[in-house]
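Assemble chain B onto chain A, guided by the hints.
Residue numbers (the working numbering), protein chains in the order written: chain A, 579 to 1154; chain B, 579 to 1154.
Simulated from the structure, these hints should not be mistaken for laboratory data. Be aware that a few hints might be false.
Since the list gives no way to pick one copy over another, a pair counts as held whenever it fits inside one copy or between any two copies.
Claimed, not checked - Cross-link-like lysine-lysine pairs, in silico, DSS-like; alpha carbons within 27 Å at most:
{"no.": "1", "residue 1": "K611", "residue 2": "K1007"}
{"no.": "2", "residue 1": "K666", "residue 2": "K1016"}
{"no.": "3", "residue 1": "K1016", "residue 2": "K590"}
{"no.": "4", "residue 1": "K838", "residue 2": "K867"}
{"no.": "5", "residue 1": "K1007", "residue 2": "K590"}
There are 2 protein chains.
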Amino acid sequence: MRATRFFISTLKEAPADAEIVSHKLMMRAGMIKRLGSGIYNYMPMGLRIIRKVENIIREEMNRAGAIEMLMPVVQPAELWQETGRWDKMGPELMRVKDRHGRDYIIQPTSEEAITDVVRSEIRSYRQLPINFYHIQTKFRDERRPRFGLMRGREFTMKDAYSFDRNAEGLKQSYQIMYDAYTRIFQRFGLQFRAVAADNGAIGGSGSHEFHVIAETGEDALVYCPTSDYAANMEAAEAVALSATRPAASAALTKTATPGKAKCEDVAELLAIPLQNTVKSIVLTVEGEKEEDKQVWLLLLRGDHELNEVKTSKVAGLANYRFATESEIVEWFGTKPGYLGPINTRKPVNVVADRTVANMADFVCGANEADFHFTGANWGRDLPEPVVADLRNVVDGDPSPDGKGVLAIQRGIEVGHVFQLGTRYSEDMKATFLDENGKPQLLQMGCYGIGVTRILGAAIEQNFDDKGIIWPTAIAPFEVVICPMGMDRSEAVKAETEKLYQAMLDAGIDVILDDRGERPGAMFADWELIGVPHRVVIGDRGLKEGQLEYVGRRDAAATNIPVAGMLAFVQGKLAGA
Amino acid sequence: MRATRFFISTLKEAPADAEIVSHKLMMRAGMIKRLGSGIYNYMPMGLRIIRKVENIIREEMNRAGAIEMLMPVVQPAELWQETGRWDKMGPELMRVKDRHGRDYIIQPTSEEAITDVVRSEIRSYRQLPINFYHIQTKFRDERRPRFGLMRGREFTMKDAYSFDRNAEGLKQSYQIMYDAYTRIFQRFGLQFRAVAADNGAIGGSGSHEFHVIAETGEDALVYCPTSDYAANMEAAEAVALSATRPAASAALTKTATPGKAKCEDVAELLAIPLQNTVKSIVLTVEGEKEEDKQVWLLLLRGDHELNEVKTSKVAGLANYRFATESEIVEWFGTKPGYLGPINTRKPVNVVADRTVANMADFVCGANEADFHFTGANWGRDLPEPVVADLRNVVDGDPSPDGKGVLAIQRGIEVGHVFQLGTRYSEDMKATFLDENGKPQLLQMGCYGIGVTRILGAAIEQNFDDKGIIWPTAIAPFEVVICPMGMDRSEAVKAETEKLYQAMLDAGIDVILDDRGERPGAMFADWELIGVPHRVVIGDRGLKEGQLEYVGRRDAAATNIPVAGMLAFVQGKLAGA
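Chain A with its partners taken away, still in its complex shape (with noise of 0.2 Å):
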C-alpha cells in the first residue's frame, strides 16, 4: 500500500471526551471516528486491524471444526419471548418496532436466533457435534458508554454455538473450542489469561473467561503463579485462612467503643490486629406475605470484602438484597455500626464465613451503640454458625488446589466460553431423535469474542508516550517503509521502489509513506500508529550502502547493509 492511495489522518490531542488510553491512542491514530453516543465508524486505519483479528479468528474457528455463517442483526421478538429474554432483558436490549408494529431486536447476541436454525435443521444424533459461528456487528444499549471501543454500544462479535448430543459431548465441544481460543489469542501475540467463570444456574465448571492482561483492565483475575489455577474474582475461591480454629482463651466481655462503627476503628481503639475483628452484613429475603420476610447476618474477617455472586449460593440466598436501616433497627435493635450474632432482637440466620467459621476470641458488635464484644467465640458464646465461602480472594491466600498462594492481576475480558446446556434448547423446544428414535434435547454452549475490543485491549497493553505497539499479527500494516527526500533525491527514490517490490513481492504487509512529511512527522505518525517495523532510507545511508532499521519498542535504529535489509525484515517477521 502506498501512502497516498490510504487514508492516514493523525490528531495532535485526543477528544476531551477519551478517557482511557486506548480511547485516546485509537482516535488519535485516525483509527475510529465517533458518530454517536457508543458508535463509532472503523475508519480504513482501524478496519484493517479488524480485518486481520478477525481472519485470525475464522482460520482457527475453521480449523476446530465450526462453520460459519451469518445470522440477521434484527431479529423477531417472536424468538426472544419463547426464551423469555425479551422481558428479563432491561433496556440494554435495543428493541425496534417495523411499519407494522411488529417487535424486532438488534442483536446483543444470537442464541435464540441459532437455535431456531438448528430446531428445524438437525433431526438426528447422526448430525451431531455440530458448531456454527458468525462474525456480526451486535448492538447493546449501555447506559454509560464510554472508553471508545472497550463499552460501545454497536460492536462486532464473533459469537459460536455449539451442539450435541449429551452432556458428555457439550464438554467435548467445550474444550475443543477452549483450546481454539487458546490458540486464537496466542497468535494476535498478546498476554492473555483463561480465568474460570461463575456460571450462574448451570453450576459446575462449565464456563471460563479470556482476558487480556492489562493494569488498566477492569477485572481483578485470581491466578496460582506455581499451578495452573485461576478464576475470576467472582468465581475465585477463598479457603479458611487457618485449617482449624484455636481453643477460646478470653471470656466474652462488652466492650465500650464509643463512636467506633468500623471494623478498623475499632481494632486502632482496641489495639489489637484488624484480623481478630468481624463485621457484619445484614440481607433481607422477601417472603410471599411480609411475616415471611427473612433477615440474614453474614460474618466476615474485618479486612475482608463480601463476595455479591458468592452470596447468591448460598441456600436461601438466591434473592437477597442489602436490609434497610429501619429493618436493621427492627431486627437488631441498634443502628449499623454496632451490629454482630450474640442478642440480636429478633432471630436471624447466621452465615460466617470460612476465615470467621475458625475463628476464636474474635470481636464483633453488640447489638448496642457504641458497644462491642471481645472474646467471641463459636458454641460457647453463640451457636455454630452456617459456614459458606463468602468473600473475595486476596494476594497472598493459599491457593484452593493447595499448590502455593494466590496472586491478582488486572485484565480485560476479551473472550467467554460457557457451556450452557439446555438452557436454550429447553424453552425452545430443540431436540433430535437419538439412537432408539426417542426426541432428546440438544446441550448447547456458546462461545463469544469481542472482535472490536480486541483492538482497545490490545492498545492497553502494548503502548509507550509516543502511542501504540501493535503485535506484527494484528498490526495495520506489518512494516512502513520512510523515504527521506524521495522527491530530491533518484537514489532515494530508486532504493525505496525497489525493496517496497521486493516486500510486496515477499507476501509482507507494507505501507510505503509517499506523501512527502517531513522526517520527523512522519516518524511520529507512524509510533502513534504503532507499526512494528520501520525501514528508513535515506542519501546519507545510502552513501555507505547502508539502511535503518528500527522496530517499534526499539531504543535505537540499527544500520542494516541495503542487500541484506529484505532478510533482516524477514528475519524480524518471523520472530515475531
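Then chain B, alone, in the frame of chain A:
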C-alpha cells in the same frame, strides 16, 4: 473442504411462500433460511457465495483507488434531519429509539454518515479526490418483502462515496467507478447491461444502473443492438414516429361510438388502425388556493403507454397527480372514456406526446358520452399543443442516436452509480478549501452494489430444471469430487484422497463429498446447489484408468485418464 466438515441441507420441495425461481432454489439448496419477514440467515453454503461476491467487489474497488472503511448500522437521527431525509423518507426508513428516548435509524444507505466523516476529515483540495466505501448490513422496511434476497428487508450492500473539487472531477470519479463496475460484473461471469437512468433533480447524464439480464427481471431495459445506446424504461428517449406531420385530409366529424370507451374498441368499431387513435390522460396540479388548481390533458397515441417519470419533468408537472372522476366531469363535462382536447368545458393545458404532435386525421374523444371525433387535425381543429416526450419506448422504436432501432429486454437492477453533486454537501455544510483558501462545497458521487441481491439475480439468469448453475467465480465451490462407494473400495478411496489433495495444492476451491450418499442423491444435491464442475470416481472407471468429468451444463459425462484429470479441470477453470 470435506462435506462431512461442512453443513449441507437440501430440500425436495421449496416452501410455499417462495414465488420466484431464485428464492425457491436458494431455499432448496440450503443457502438461506428465513428468520422473519424479509430477514434471512445466510447459511454456510450461501455465505460462501456472498464472500466470493464481496471479494471480487473489494478487489476491484481497491484497484480503482477506493478506500475501505466501515460505517455503523445504527446511525443518529440528527444527521438524517440535517438533510431532510428523516422527514422525507417514509416508513421504509427503520427508526429506533434508545434507552434515553433519542432517535436513531438503521441505515438503508450512508450518504449522511460519510458526509459527516468527510466534513471534518477533508480540509484541503490537496486531499481530493477521495472515495470511501464499505460493505455493510442495510435495512429497508419494505411494505411487502418477497422474492427471498431480491426484495428482502435486511441485506448487504457495497456503497461507495466519492468527493471531488468540482463537477469535472466528479465526472472522472464517476467514470472510474463505472469502469470498475463493468469489471466487477464481468468477473462475476454474468450477462449484464449498464443503462442510463433518470437522475431526478440533478439532471444531465449522471446516473447509470447495472442490470443482470434475466427474463424474470422486474425492469425493462431499452437498448440499441447496433449502437451503444442503453437506458432504463424511465429514462429511454422516445422519438416521434414520423418526422413530419402529414397534411390534413379528412374533416372533423363527431361520430357515435356508443359504449366504446377504449381506443382499441373505437378502432375496431371504426375499422381503423389503433395507431390513428389518441388517448387522453387527465392530471391535476394543486395550487396554493382552490382556484389555482390546474387540470392538464396529456395525449398519447392509442397504442402507447404513459411514462410517469417523463411526465413529472414537463414544466409545471413536477407535483402532478392523476385527476379524480369528479374533477374530470367538472373540467371536461363528461366521464372518462370520451375525453379529448376539443370542446372541453373548462380550459385545460394540453401536452401532446412527440408522436401525437405529428399525427393528422386522428380520432379522439368528443367530451360527450358515446361520441368521438374523427379527422381531428392540429392547427385547424384545435391549437398547436405543447410537445413533450411522454411515453414509454416500445420494441422497434428508432434509437434516439439515429443508429438503429430499439430492443427491450428484462433486467434485475444490482448496481447504481450516481452523480449527486452538492445535494448532501450543501445541507451538511461539507466544504474544503480550494487553492485560494476559499471554502467550496464538495462534489459527491455515490455507487452501490446489492451484494446479496447478486445471488438472486445470478440464479434468475442461470438455472435449469435440476437447480442452479453458478458461474465459476461466484460458485460456493468450483469443483465437487463425488466418490462412488468410498467406504467399500480402497481403490476409490485412495484415488479420491489423492485427487482431492492435488486440487487443494493447486489452489482449487474443491469440496469432497465424503458423506456416503447414494450416487443419485449425491448428484442431485450438487446439481441443485449448482457447483459448475464435477468429478466422479468409481471402481468401474478406475479399472480402465478413467475418471468421469461432468460440467454443470453438460448433457453427458466425459471420461478422462486418471493422471490427466487435474490438468483437465484446471483447463476448464482457466477457460471459465
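We went through each hint and held it up to the structure:
In this assembly of identical chains, the alpha carbons of K611 and K1007 lie at most 27 Å apart only when taken from different copies (19 Å versus 43 Å within one copy). In this assembly of identical chains, the alpha carbons of K666 and K1016 never lie at most 27 Å apart, being 32 Å within a copy and 56 Å across copies at closest. Taking CA atoms no more than 27 Å apart as the test, K1016 paired with K590 passes between copies only; the shortest distance there is 25 Å, against 66 Å inside one copy. Proximity of K838 to K867 under the C-alpha cut-off of 27 Å is found in neither arrangement, the shortest distances being 37 Å within a copy and 83 Å between copies.
Taking the shortest alpha-carbon separations for K1007 and K590, only the inter-copy value of 25 Å comes in at or below 27 Å, while the best intra-copy value is 56 Å.
Checked against the numbered hints listed earlier, the structure breaks hints 2 and 4; every other hint is satisfied.
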